[in-house]
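Chemist: Here are the chains, one letter per residue:
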Amino acid sequence: MVRFNRGWLALEGHRFRPFQARIARERVVRYLDFLGQLEEDAWRERACDDIGAALPTMPFSLEMEAGVVAEIAALLDIDANRLLHAEQSFTRHGPLRCGDLVAVESRLCDVTWKPASRVCFFGKESRFRVAGRLAVTSRSLYAIRASEEGP
Amino acid sequence: MMPDASQPPTRLPPTRLREMGLAELQAYAELSGDRNPIHLDREQAILAGHPDLICHGMLAMTDIGGWLVRAMAGWQLVTLTTRFVAPMAVGTRLKVSASCEAHQQAGEPPRATVDFTAEDAGGVVRVKGRARFQRPGGIC
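Chains P and S, in that order, are what the protein sequence lines are. Count the first sequence with the numbering used here and you get residues 1052 to 1202, in order. Count the second sequence with the numbering used here and you get residues 3 to 142, in order.
Worth flagging that the hints you see were computed from the coordinates, not collected in a lab. The reader is advised that the hints may include incorrect statements.
[Stated by the list, open to error] Cross-link-like lysine-lysine pairs, in silico, DSS-like; alpha carbons within 30 angstroms at most: (1) S/Lys130 to P/Lys1165; (2) S/Lys130 to S/Lys97; (3) P/Lys1175 to S/Lys97; (4) S/Lys130 to P/Lys1175; (5) P/Lys1165 to P/Lys1175.
Go ahead and model the full structure; you've got the sequences and the hints to work with.
Modeler: This is the structure:
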C-alpha cells in the first residue's frame, strides 16, 4: 500500500499544464456510436452543434488524452493504478461544438487526508473554454488508499 | 417515456445499462483515452489491491448520461454529478432508477432535478448521482 505523504497537502492549488484540444467530429460520432445513438441523423447533428447536450462526459476524454492522470500520478509520485476515481461532475455553461478548439485549465483545488479511513482525497477542477468563452467546468475527485505516514 | 413539453416526468422508468464486459472496457478505454491499467491489465489491477479488473466509473457515467439526456428529451442538461460508490467488477450490469422533481421561480426557466441510483444484479448500489436540467434558452 502507498504511504501517506504529508507533502501532498501542500499541493493544494497546484495548476496543471494547460493544453488545447480540437473536438473532432469523427470522435463525437464514435462516442454516439458507442452509446448506440448513431441511428438518427438529427440526433447526430444536434450533438455536433452542442456536444454537452448529448455527450456530457466527453470533456473528460480531452483530459485523458492529454495525460492528466499520468500528470497527477507524477505530481504525487505514485503509480497511476493507485488512483481511484471517486466522484465526477460536469456543468454546462454554453455549447461545445464539433471543430471547436478547447483550452483546458485545471488545478488541484483541495487535498484532504482522512486518517480514520486512511484515504487521501484530491479534488481537481477544470475549465473548458472556447475562444475565451467558458463552455464547461468539471470537478474530479480522486482517492488514494494509503497507510499512515512513516516516521 | 417522452416528457410533456413543459413538465418533466416525476419518475423515469428504471433502465438496465449495457453489461460492462472486457470488450466494453477496451472499447471505452480506446474511445475516452482512459487507459489506466486497473481497467485493462489484470496483473496491474491485482498489484493495485483490487481482486480483479474493475470497470471505468466513467463508462457507467457515460451510459447514465446518455440515458438521461434521452429520457429528458426537450430539457437541457446543465449539471451531471456522479459518485462512484463502490468498484464494479467486469461483467457488471447496472440497473438505474431515478426520480425527478420540477422547480420554477418567477422570471426563470423551468428546472428539474433528477436523482439516480445504479445497482448491480445483487442490489448493491455502485453509482449514485444527480442531474440538473432546465428548459432550453435559459443559459448561454
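Chemist: All hints are to be evaluated individually against the structure, with a verdict given for each.
Modeler: These are the hints, each one checked on the structure:
{"no.": "1", "hint": "S/Lys130 to P/Lys1165", "result": "holds, 22 angstroms"}
{"no.": "2", "hint": "S/Lys130 to S/Lys97", "result": "holds, 11 angstroms"}
{"no.": "3", "hint": "P/Lys1175 to S/Lys97", "result": "holds, 29 angstroms"}
{"no.": "4", "hint": "S/Lys130 to P/Lys1175", "result": "holds, 20 angstroms"}
{"no.": "5", "hint": "P/Lys1165 to P/Lys1175", "result": "holds, 17 angstroms"}
Hint check: no violations occur; every hint is consistent with the structure.
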